[in-house]
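The UniProt record's numbering applies: residue 1 is where the sequence shown begins, and numbers increase by one.
It is worth saying that the hints were derived from the structure and are not from the lab. Just so it is clear, CB atoms sit at the ideal spot from N, CA and C, and this is done for glycine as well. This list has only true hints and no planted wrong ones.
Derived Cβ-Cβ restraints for the label pairs, each shown as a range: (1) Leu268 - Arg208: 23 to 31 Å; (2) Glu154 - Glu265: 34 to 42 Å; (3) Arg183 - Thr32: 17 to 25 Å; (4) Pro292 - Glu154: 40 to 48 Å; (5) Leu268 - Ala305: 15 to 23 Å; (6) Gly234 - Glu79: 48 to 56 Å.
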Amino acid sequence: MGTAGREALSDETAVAGLTTGAVARRLGVSPTTLRSWDRRYGLGPALRSQGRHRRWSPRDVAMVEEMCRLTAAGAPPAEAARVARLTHGGARPSTPSAGPPARQPAPPVAAGPPVAAGPARRGGAGGGLPLGDVRQECRGLARAAVRLDAPELESRLLDAVGQHGLTVAWEEVMVPTLRAVGRKWESSGDRYVEVEHLLSWQVSTALRRAPLVLPPRPAVPPGAEPVVLACAPGEQHSLPLEALDAALGELGVPTRMLGAAVPVEALLACVRRTGPVAVVLWAQTRSTASPPLARHVAGLQWGPAGARRRPAVLPVGPGWERRSAGGFPRCAGLRDAVETLSGLYGADGAGRRPPSRG
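Hey, can you work out the whole structure from these sequences and the hints?
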């Protein structure tokens with residue numbers, strides 16, 4: 001072999017540096033799965049190092065990433081492999097292999113043919129996460145989360161919102177995947193913390209971007225009183241409250257989102273300044289749920305004498321037990337909270353307030 005040929009081979013070998021284990025960790029699949037795809041569909045490393053070790057080039061990795069994406073979307077494995085080869089494959093060197101040679105793909109009819117995902121199916125775990133009986137979208141979302149694939153997470157989350165609406169996407173796609181990541185983190189020591197953080201951030205981002213993919217809805221008249229959304233003092237878990245904010249926005253209900261760990265004085269000042277039709281107090285744990293605060297907010301009044309107004313108060317979240325919620329209404333979930341709050345607006349868009357006690 002000439003000098004130029006040896007240099008070219010050396011350059012290509014240097015690029016093909018990832019081991020099968022490293023690729024498996026990156027994609028969130030097992031090394032056995034990668035070897036199976038290599039034997040069955042020819043989706044394996046193009047080069048082998050001395051000693052027959054498998055080394056994956058960037059093109060090889062891109063090919064199996066496409067395979068993961070398509071199968072997670074519901075495509076049959078054989079069809080997903082065909083498209084992955086057509087999209088990212090190329091001429092592979094004729095090196096001996098332990099398995100049978102892969103069939104050559106048929107010439108493409110069009111460049112990069114898309115594979116349409118079938119109807120939502122119930123599926124098992126994705127990326128090693130204990131999902132159970134959930135929508136098929138959860139499986140693809142979990143695989144992307146384990147791979148720390150932020151662009152894929154963003155795309156899948158917005159697709160779910162656009163296809164199913166905010167409430168269904170939250171209750172049947174986002175929440176099951178978040179819970180699976182939480183269970184995996186709790187059972188794996190310090191592992192998967194980065195997966196939970198990335199997934200939570202991407203869910204939060206998708207909730208804020210929901211108006212971009214949802215059809216416009218008629219809003220209540222301008223100037224209508226808003227709904228104030230606040231986490232109880234000391235409560236840091238704001239993601240469910242963000243989902244409620246997005247779901248109300250889908251219906252055109254005006255909101256004022258204060259976010260996590262709202263100080264008492266800040267909450268009271270916001271209520272006095274905005275005159276809301278309702279105040280939502282979110283508490284994830286019993287330690288942050290404060291019945292005295294809920295009663296105090298419910299007792300706030302404003303307006304001229306004889307026409308005093310006060311807000312409806314809705315304690316939401318698992319931290320509010322039936323006893324701690326007192327006589328306030330309780331909501332079983334996002335759907336129930338949205339119906340309760342949107343029902344406070346009459347046909348003319350005006351807020352229906354509880355009668356003043358004084």
